[in-house]
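Asks: So the chains spell out like this:
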Amino acid sequence: MTEVSRRHLLLASGAVLITRAAQARAPGEAASPSQRWGLLIDTAKCDSGCTACIDGCKAEMGLTGHDRPLTDAQYIRKLTVKDPMDGNTHFLPVMCQHCAKPACVDVCPTGASMKRADGIVLVDRHICIGCRYCMMACPYKARSFTHEEQSGQKPHLPRGKGTVEGCTLCVHRIDAGGQPACVEACATKGKGAMLFGDLKDPGSTIARRVAAEATTRIRADLGLGPAVRYQGI
Amino acid sequence: MTLLARLLLGLMLTVTAAAAFAADFPALPKARGGDCVAAAPVMRRDHADMLKHQRDDTLRRGIRGVKASLKDCVACHSTDGADAKPVPITAPGQFCQTCHAYVAAKPDCFECHATTTGAAP
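Keeping their order, the protein sequence lines are chains R and Z.
For the first sequence, the positions run 470 to 702 when our numbering is used.
For the second sequence, the positions run 927 to 1047 when our numbering is used.
Since the hints were made in silico from the structure, they are not lab data.
Note that beta-carbon positions come from the ideal geometry of N, C-alpha and C, so glycine has one too.
Careful: at least some of the hints might be erroneous.
To be verified - Chain Z stretches covered by chain R per the calculated footprint, using a threshold of three residues with CB under 8 Å from any CB of chain R: (1) 985-994; (2) 1026-1040.
Claimed, not checked - Okay, the calculated beta carbon distance ranges per label pair: (3) R/Gly599 x Z/Asp982: 30 to 38 Å; (4) Z/Ala949 x R/Ile596: 30 to 38 Å; (5) R/Ala683 x Z/Val963: 50 to 58 Å; (6) R/Lys660 x Z/Tyr1028: 31 to 39 Å.
Work out the full structure, taking the sequences as your base and the hints as a guide.
Replies: Here it is as structure tokens:
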């Protein structure tokens, strides 16, 4: 009789854990609170002129503008931060931070702004009344309002006039076992500054790096617990 | 006098009955796929409830790949035009539009949801 050693059993269970994070859920299975999807962004690899993540996002989500930068939908903004003491500048993409305690969810009067079990913060446009409280509450300016009637939407991202929208962390890709379009675009067209993964899975690259290296959350003082971590600022 | 009233009433009833038979059920474009997720009478009556239940399950709980899906409805029931480009399912003569026009109901789904399967511009 073959005896399974304790070591082999542990190794096997670890392997299952790692592959599960990258796999699509079975049909009919709900998102699990045992997962917490997040991003780790290395600002040292983020160039000033590069907009690969923004372009990738717009193409994936079918975001079209009206040449009105103040009101056109934007899921990712590219920020320039400057240290006033020495004048050094850094660049970083800022999208919905998928907070553990999202301010947008607190203020929503209808329950449209919601957090999924796996930590992804979404707008339920079915019940969004377009009041835009969430846009005012969000300290990261992560949400946009759809001002115009839409046509030619992507099947995986319904969007329409009079509702608020924001980064979904490409929930349709994650549910299918993929990773967000911005991360993919940054890896292929940019410098690979973005890492996506499950922060609650101790075996995932992102969890191991967050545990071993110093990372920051922007406006951590607010205590919202963002799932997007930055390195190098 | 009574006779005249009866005659008029009879005439009105005949006209009403004729009007009720005038609007035949419209012809619908044939679906691409095979059998639907449920029988036609069930779908006619319950598709809105099925979709409303499913939208909450999918968006709020992350449940995917189950029976009722608006995306699958569009994928199966949309048609291609003469130029081989997909025709929006809300266009006149298309599946959703034809039946909703017949019952004088306006579906709001497609103010946000895609009306074709492809990535339209």
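Asks: Does each hint hold? Answer for all of them.
Replies: Evaluation of the provided hints:
no., hint, result
1, 985-994, "holds (count 8)"
2, 1026-1040, "holds (count 4)"
3, R/Gly599 x Z/Asp982: 30 to 38 Å, "violated, 19 Å"
4, Z/Ala949 x R/Ile596: 30 to 38 Å, "holds, 35 Å"
5, R/Ala683 x Z/Val963: 50 to 58 Å, "holds, 52 Å"
6, R/Lys660 x Z/Tyr1028: 31 to 39 Å, "violated, 56 Å"
In summary, the numbered hints that this structure violates are 3 and 6.
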